[in-house]
Amino acid sequence: MKKYLAIILALAMVFALAGCGAGKSDKITVGIINNDPNESGYRAANDRSLKEMFTEENGYEASFFYSLKNDEQIAAAQKFITDGVDYLLISAADTAGWDTVLKDAQKAGTKVILFDRTIDADPSLYEASIVSDMAKEGQQAVDWLKSQNLSEYNIIHIQGVMGSAAQRGRSGALDDEAKASGWNIVAQQTGEWSADNAQQIVQAVIDAKTPFNVIYAENDDMAKGAVAALDKAGITHGVGGEVLIIGFDCNKWALTELLNQNWNYDGQCNPFQAEYINDIIKKIEAGETISEKTIIMNEKGFDATTITEDDVNNYGI
Amino acid sequence: MEKKTNILKKFVGNQLFIPLVALLLLIIFNLINDPSFFVITILKTKEGFPVLSGSLISIIDFGSELAILAIGMTIVTAATGGQDISVGAVIAISGSTMLRVLCGTNPQPDKLLAPIFVAFLVGALAAMLCGAFNGLLVAQFKIQPMVATLILYTAGRSIAAWINENRLPIIGEPSFGYIGNFLPGVPIPTPVFIAIACMIIIALVQKFTNLKLFTQAVGINEESSRLNGINPKFMKFMSFVILGLFVSVAALIKVTRISTITYSVIAKDIEMDAILAVALGGNKLSGGKYNIWASILGAYVIQFLTTTLYKLQVRSDALPAYKAVVVILLVIISAPAVRDKFAQITKKIKAKKAVNGGV
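Protein chains in written order, with the numbering used here: chain A, 1 to 317; chain B, 1001 to 1359.
Next comes chain A alone, as it looks inside the complex (with noise of 0.2 Å):
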């Protein structure tokens, strides 16, 4: 009796897998690795977006990895490859250590996607790269400044963690602007993404009496907690008022204090990278090359006066 019940097991079994290798060959299997979605409101974003294209109505069969450590991705990666999965995307914790997995991948016939990070490896090992321009969205944030003729520029520059992409790239665009254009940068700090530091910073330049016109905040949180010390000194702030707030990362609640006028302008960093996958998987799978490795996306920046409630809740995070 046993014996039959044992016979009876193993050929479901059999049948079962039989029945998953029926399923896999219609579908695109993707490992994704990530970063840890509490990481920030742009992680959150980012993994949802990546969640509602890679399902299975839209043909593929997805297994998501998070981790902020680059070694245990690596090694998901290596466990995604022997998997055999037919894509590998992946937004690296770091950028170093990734040659050996990446030449593993290209022998089983993986292929790589890079998405939000950039890796050091020569580029022969992914078949692209979709990546935001941090120096662009900088770069439209000074712009938009610019264009605002102010009758001067007392600007406080409240910086990212030092040396990250982000605070490279949207220190870049307005230190060279200072310099050329002449703005008077009264203070410049790192606030280190951090809503309490930005507050002390900006309390900082209240009570030393210095006069500024611009706050310029490299991210949504930061530019909260400038606002923050701003009302407790009650100086006006906003569309019509005597600061104008910059911010970044467009956060839903951000762009709605841009809708209430509270705040003048918010850079977008675009974390909705999973269409542009979409496409790139697409015509690889119809036998197209990919021209151009690396893929900057499009990113918007917001103004006080222009943006519409549709904006808040199409681009908010």
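FYI, nobody ran anything at the bench for these hints, they're computed from the structure. There may be inaccurate statements among the hints.
[As the list claims (entries may be wrong)] For each label pair, taking beta carbons as the anchor points, the in silico distance ranges come out as:
#  : chain 1 : residue 1 : chain 2 : residue 2 : range
1  : B       : 1338      : A       : 242       : 49 to 55 Å
2  : B       : 1033      : A       : 240       : 49 to 55 Å
3  : A       : 275       : B       : 1109      : 30 to 36 Å
4  : A       : 182       : B       : 1187      : 37 to 43 Å
5  : B       : 1200      : A       : 151       : 47 to 53 Å
6  : A       : 99        : B       : 1183      : 55 to 61 Å
7  : B       : 1183      : A       : 210       : 54 to 60 Å
8  : B       : 1314      : A       : 275       : 42 to 48 Å
9  : B       : 1332      : A       : 83        : 53 to 59 Å
10 : B       : 1336      : A       : 82        : 53 to 59 Å
11 : A       : 48        : B       : 1184      : 39 to 45 Å
12 : B       : 1192      : A       : 210       : 22 to 28 Å
13 : B       : 1201      : A       : 99        : 39 to 45 Å
14 : A       : 48        : B       : 1183      : 25 to 31 Å
[As the list claims (entries may be wrong)] Taking lysine-lysine and the DSSO-like style, the derived pairs with C-alpha atoms no more than 30 Å apart in a straight line are:
#  : chain 1 : residue 1 : chain 2 : residue 2
15 : A       : 209       : B       : 1046
16 : B       : 1268      : A       : 209
17 : A       : 300       : A       : 252
By construction, the Cβ of each residue, glycine as well, lies at the ideal position given by its N, Cα and C atoms.
Position chain B relative to chain A; hints supplied.
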């Protein structure tokens, strides 16, 4: 003459001496650099209430959280001879819990779902539970405090995000913001009052209970305190729970300052400043005797330094280096070993003087 030197000796020997000297140096430095540092003016807030404003006000305002944390950190240090490095992460957990109670599942509620006081109680409970977890690992399982608290240090911010299912609650209700900013009509920032309240409470507790005596006894010699009828495990456990309570107060201030929370960066690295405050106060980091007022003063010295550095407009990439140099100097001077050495040297000099005088 004899009496005078005695007073001086008493003063120099006091634990408060080092942080006071550090404070004095910072004050003198700022006086020379720019006397306007000490000017306090009256401004009108957004709501139109007149309030005091100036660097000094900023220091006692922004130093509040650190001073409150320093109280709890001193007790943990004294009892266990180790430090809790999960403080910042537990602030995130506690703050997130408060916002969860107030907002429910709607990130931007029109009306608060519960009174702020209730939210604080639940947040305090969460922080004390985290403290109990740390305390259990340290007291019962005898894990090194820094290793035990490393668990929540690593996982805490993810837990905080998970409590609100990664939503970003923002509270529009103005009365919530009063706690972290100004009460209407009161010209001094509310966190200052909260910090003073915490100090009064700990002063009363120390006066009317055996907390200080027992904590120090456990910290100095666990075995002999046990033989004298104190339960060292319980004291260690309680020290973490007490720290949890103070952490929740700091969390309340943090979330009410800007009426929202960012899980990954709220109160980042604040545990390091809190430990530093304890060290700066001349307390032995290996446990035993402590002076809570020295730690609190140490906390304000650190905030004084931070505000000074912000005011000086030190280049952002160089800021941590500047802070490190000052901190190293302060900590070395206030280290018990160095102070003992100083005491020895002064003793020798005195002895020599006495001999010479005798001849």
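Comparing the hints with the structure gives:
1. B:1338 / A:242: 49 to 55 Å: At 50 Å between Cβs, range holds.
2. B:1033 / A:240: 49 to 55 Å: violated, 37 Å
3. A:275 / B:1109: 30 to 36 Å: Given about 33 Å between the Cβ atoms, the range holds.
4. A:182 / B:1187: 37 to 43 Å: Check passed, 39 Å falls within 37 to 43 Å.
5. B:1200 / A:151: 47 to 53 Å: holds, 51 Å
6. A:99 / B:1183: 55 to 61 Å: Holds - the Cβ-Cβ distance for residue 99 of chain A and residue 1183 of chain B, about 59 Å, lies within 55 to 61 Å.
7. B:1183 / A:210: 54 to 60 Å: The hinted range 54 to 60 Å is violated for residue 1183 of chain B and residue 210 of chain A, with Cβ atoms some 28 Å apart.
8. B:1314 / A:275: 42 to 48 Å: holds, 44 Å
9. B:1332 / A:83: 53 to 59 Å: holds, 55 Å
10. B:1336 / A:82: 53 to 59 Å: Holds, at about 56 Å.
11. A:48 / B:1184: 39 to 45 Å: holds, 40 Å
12. B:1192 / A:210: 22 to 28 Å: holds, 24 Å
13. B:1201 / A:99: 39 to 45 Å: Violated - the Cβ-Cβ distance for residue 1201 of chain B and residue 99 of chain A, about 58 Å, lies outside 39 to 45 Å.
14. A:48 / B:1183: 25 to 31 Å: violated, 40 Å
15. A:209 / B:1046: Holds, because 18 Å separates the two Cα atoms, which is no more than 30 Å.
16. B:1268 / A:209: Cα-Cα ~28 Å, so holds.
17. A:300 / A:252: Since the Cα atoms of residue 300 of chain A and residue 252 of chain A sit roughly 14 Å apart, the hinted pair holds (cutoff 30 Å).
Consistency note: the structure conflicts with the earlier hints numbered 2, 7, 13 and 14.
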